[in-house]
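Colleague: Given only the sequences and the hints, what does the whole structure look like? Please build it.
Each chain is listed here by its residues.
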Amino acid sequence: MHISPELNQKLDRFLADCQKQAYSIAFFSIKNASDSLDVIQNTMIAFVKYYQVKPEDQWRPLFYKVLQNKINDHFRSTKKWYSLFTSPKEDDLEESPLNSQESLMSSPTKYFESGEINKNVSSAIAELPERQRQAVIYRLWQGFSVKETAHIMNVSQGSIKTHLSRALVNLKGQLGAIYE
Amino acid sequence: MNKKDPIKVSLDKYSSDLDQETVAQLDGIRKKVLSNNLKPRWYHNLSWPMLGPVVAAMVLVVVFVTTNQDQALDTKSDNFLSDLDLLSHEVDTDLLEDMEFIAWLDNENLLEGDLL
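Chains as they are written, first to last, in the working numbering: chain X, 1 to 180; chain D, 1001 to 1116.
Calculated from the structure, these hints are not laboratory results.
Hints may contain errors.
[To be verified] Taking lysine-lysine and the DSBU-like style, the derived pairs with C-alpha atoms no more than 30 angstroms apart in a straight line are:
| no. | chain 1 | residue 1 | chain 2 | residue 2 |
| --- | --- | --- | --- | --- |
| 1 | X | K20 | D | K1008 |
| 2 | X | K161 | X | K172 |
| 3 | D | K1032 | X | K49 |
| 4 | X | K147 | D | K1013 |
| 5 | D | K1031 | X | K10 |
| 6 | X | K172 | D | K1032 |
| 7 | X | K54 | X | K172 |
| 8 | X | K161 | X | K10 |
| 9 | D | K1031 | X | K54 |
| 10 | X | K161 | D | K1031 |
| 11 | D | K1008 | X | K10 |
| 12 | D | K1032 | X | K54 |
| 13 | X | K161 | D | K1032 |
| 14 | X | K49 | D | K1031 |
| 15 | X | K10 | X | K79 |
| 16 | D | K1031 | X | K172 |
Modeller: So this is what it looks like as structure tokens:
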């Protein structure tokens, strides 16, 4: 895989811009620092290998699409091994990384140094079901269109609207005061 | 207040507050990916001193299984050849099953070896 110095510089800038947010997205879902770094590494490798030739303006949605696929791959492989030894619980994927003090302590992120509002919003988003949280992250945080968000999450545009609407109802229930 | 604002502000803060160690690891991964000099992260986490005994044990198991299979094949092969030899022999095997008759032939010195 030969990359010209100019393209290498562009890719470096792009990945540097994305890496913190991509890691945060992975960590929100996976809830484990080391596994999240694995996912980021696999994402960067796949992106550089297959999509470096694409026009630059297409890189962002493609990068997050790859990221979401790698997160899903991680869950698939974990589930396969995990199911050999335990009986699966339906709410495993819905558990939030911010729900327990233990996960807070093991997180490399200093979650709540940003004040009470940020703490409440982060916690509320983290507590959303997986799909609702993804819709909020890609649509409201990353600013992708409904179409792009649907492509990244590999669902229909109608599903995105449903997930988003439910997520906002949930968030409003928990953060009502902030929205008034 | 716009619904998007607190969400975006909070999540921006969340990602920008990553600790230095994580950021350094992300930088390292990015540099390695772009320099095409990347080994999987499990490679670095692997306990190499533990790998030797594990590989040695696996080799022993493979050698043991392979050797046993060869011996089993040899035994089968020997049995097969003696059966084949017996079946292709010109002497009538029904005769050999009559032990009393064989004993009488032996007494009378009429067996094949005795006549030669």
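Colleague: Would you list, in rising numerical order, the hints stated earlier that this structure does not obey?
Modeller: 6, 7, 8, 10, 13, 15, 16
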